[in-house]
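Chains A and B, in that order, give the protein sequences.
Counting from 158, one number per residue, gives the positions in the first sequence under the working numbering.
Counting from 4, one number per residue, gives the positions in the second sequence under the working numbering.
Just so you know, these hints were derived from the structure itself, not from any lab.
This structure is a prediction, so every number in the text was calculated from the model and none was measured.
Note that beta-carbon positions come from the ideal geometry of N, C-alpha and C, so glycine has one too.
Among these hints, one or two may not hold up.
[As the list claims (entries may be wrong)] Covered stretches of chain A (chain B as the covering partner; in silico rule of three or more C-beta atoms under 8 Å from a C-beta of chain B):
no.	segment
1	234-240
2	256-262
[What the hints assert, rightly or not] DSSO-like cross-link-like pairs, simulated, lysine-lysine; straight-line CA separation at most 27 Å:
no.	chain 1	residue 1	chain 2	residue 2
3	B	Lys12	A	Lys284
4	A	Lys246	B	Lys22
5	B	Lys88	B	Lys236
6	B	Lys105	B	Lys120
7	B	Lys88	B	Lys105
8	B	Lys120	A	Lys285
9	B	Lys402	A	Lys285
10	A	Lys377	A	Lys403
11	A	Lys246	B	Lys236
12	A	Lys246	B	Lys12
13	A	Lys284	B	Lys22
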Amino acid sequence: MEAIAVEHVTKCFDSVVAVSDLSLHIEQGAVFGLLGPNGAGKTTSLRMIMHILVPDEGAIQVLGQPASDRTQDLIGYLPEERGLYARMKVREVLVFLAALKGLSEAEASVRVHEWLERLGLAAWSEKKINDLSKGMQQKAQFIAAVIHRPPLLILDEPFAGLDPVNATLIKDIMLELREQGSTIILSTHRMEQVEMMCDAICLINHGRSVLAGDLRAIKKSYGKNTVRIEYTGDDNFLDLPDLVEKLNHFGAVVEAKLRPGADPQEILKAAVARGVRLTRFELVEPPLHDIFIEKVSEAHA
Amino acid sequence: MRKIWLVVKREYLTRVRTKGFVLSTVGVPLFCVGIFAISLALATRKADHQLKISILDNLGGFAPQILLGLNEKLPDGRPRFQLVKAWDRPASESMAREELTKQVRNGQLDGFLEVPKGILNGDEATLHTGNTNDFQTARTLGRAVSNAVIGRRLSDRGVHIDNLNEVMHGVELTLVKVTKTGESEETGQSILVQVSIVMILYITLVVYGMITMRSVLEEKTSRIVEILASSIKPTYLLTGKIVGVAGVAMTQYLIWTGTATFVSAYGAAVGSAFRPGATAPSFHLPAAYLVYSLLYFLVGYFLYASLYAALGSMVSSEEDLQQVQMPVTLILVACMVLFPIIQRAPNSPLAVALTMIPFTSPILMVCRITVQTPPFWQIALSLAICVATTVGVIQVSAKIYRVGILMYGKRPSLVELLRWLRYT
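Using the sequences and the hints given, assemble the complete structure.
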């Protein structure tokens, strides 16, 4: 059984086509990256999976059932735009939201306590949401998404605004939930997070899927056509238009995309000939970042 | 159903526990009674300062007669009117008038009465004064001049009366209200009841409608609505919200009617304890008024709250909210403006029509019931129309709400709104 099966779904708002003939298949237990430029139709797709919106055409199955009010309780959601009842107490808001997801209020109280404890918010449980810092509110909101142990978790930019310590805390919980069998849909613009966490992805542009499938397989299909180099010295040794199609400078690191058939050994030779000291020379698959840009600009062309 | 109940509970508890609720529960009745008491006190207030007046008598001999009618005393025993000068038949009318006008202007006089030569033949007397808004004083002066003129006419016809005031003393009307169940003396109390009930209905409809509207907007601006929409049907959310706020309103009403009942019982008891045998000045509030008020409040609340909720879901900011809520609030304000029409002629065709129109009937029908209870079929019909309209409005509002809560940015035009209604 697939966690999510979206079949040929289309959704229009007046004359604007937000999602067009989109199909998505997400394996149970996977971490799935939903990618796409701003306004591509990601939020509309997620809202249809959560049955906030109903597709004009096509069908959506959540854990084997058609998307409906009942499947809503199977999903935990962290929206990109965060917000809770500002003037309610942290504990009360979370118990309310957990109960809305089908937990009894007694059970919800116990779990809220546990989660607040775990995320270091126990001392704030009787404080109003307004009194919390932004990071704390974000953690509280994350609790609201996971408290009912949903088999399907939808997280939109879960790490935005979190310091490294809290980001790690959230990442660990995500992996733990995955261990327990939850499926996670991750929507983010941070490609390095997708590369580190996701098993499969779907890239949406203008409401259509332009690239979908297993992330390793996608990257493999591009082949190891990129050299990642760290060095000290003059950088004009990379001025090799016959070999290098595109250069990406990141400051400390340079990524050079090779022309088809070019031998990376030639670059190494050039570097040695110019007396550049290499600290890293690695032949890699293209970063998702480049694939994203390529796919999206392809569509624009 | 369980989810609706959760929304109701949250909405109710977070509101009942606020300071605003406690303040308004105590404040609104005090405000209503206060306004009435103040206007009553102002209207019947005894004057507390002397007025300096002069009399310019062009015909002659009127001043003493007029003064007889100005024997009003201040609370400290001094006469209310102090005659500075009685100018009998001046050499030049216009010069005398000019002189006295100058005195009024520089504050030596509060005013002067001018009796024209032709006063016995119907010419009008004039009061020259800096303040033409003090109708009570003007009426007292007018009556004094009028009595003096009548006295002169009588004596010209051979009837001599020493103290005309005793003869001219009028008769007051006592109003007895005839109702289906009996008669009761009108002491101004029933107006107090009418005004209070209508004021409370108006204030609660506006306030609780706006609370519902703000509550919708708050969920939208705080963005929590996205999480809510992923957990519960928007229609359920809207229902829970409206019912929850209605619960808050009902709680407030129960406290108010409870207090009113207690005060009326307790007030009568205290009265009879102090003056045994005397008929206690009971504060009589017929139970039917309360029942009808509650009934109409509930129907009216659901009508207006669902309208206000739809408005709240349409906009994304407090500024836009101010604009879109105006038309709805104006209808409620119109009810307050139309209220005197019902008071004066509760069975006129206009009054009947206004109490049948669903948007005005919640306030105006209750007003009509308290003034003169209409036949039961009219009440039943007006309720039925109102309930039917409410059901329709709730359905349209729910459709707007469902789309509106997820829309941000510019507020929709009327055309866009109509399109929203067609979304599934």
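Going through the hints against the structure:
1. 234-240: It holds, with 5 qualifying residues against the three required.
2. 256-262: Answer holds; 3 residues pass the 8 Å Cβ test.
3. Lys12(B) with Lys284(A): holds (20 Å)
4. Lys246(A) with Lys22(B): Within the cut-off at roughly 16 Å; holds.
5. Lys88(B) with Lys236(B): Violated - the C-alpha atoms of lysine 236(B) and lysine 88(B) are around 84 Å apart, more than 27 Å.
6. Lys105(B) with Lys120(B): holds (22 Å)
7. Lys88(B) with Lys105(B): Given that 27 Å is the threshold and the Cα spacing comes to 14 Å, the pair holds.
8. Lys120(B) with Lys285(A): Not satisfied, since the Cα-Cα distance of roughly 82 Å exceeds 27 Å.
9. Lys402(B) with Lys285(A): Violated - the C-alpha atoms of lysine 285(A) and lysine 402(B) are around 33 Å apart, more than 27 Å.
10. Lys377(A) with Lys403(A): holds (19 Å)
11. Lys246(A) with Lys236(B): holds (24 Å)
12. Lys246(A) with Lys12(B): holds (15 Å)
13. Lys284(A) with Lys22(B): Roughly 17 Å between the alpha carbons, so the hint for lysine 284(A) and lysine 22(B) holds.
The structure does not agree with the numbered hints 5, 8 and 9 stated previously, though it agrees with the rest.
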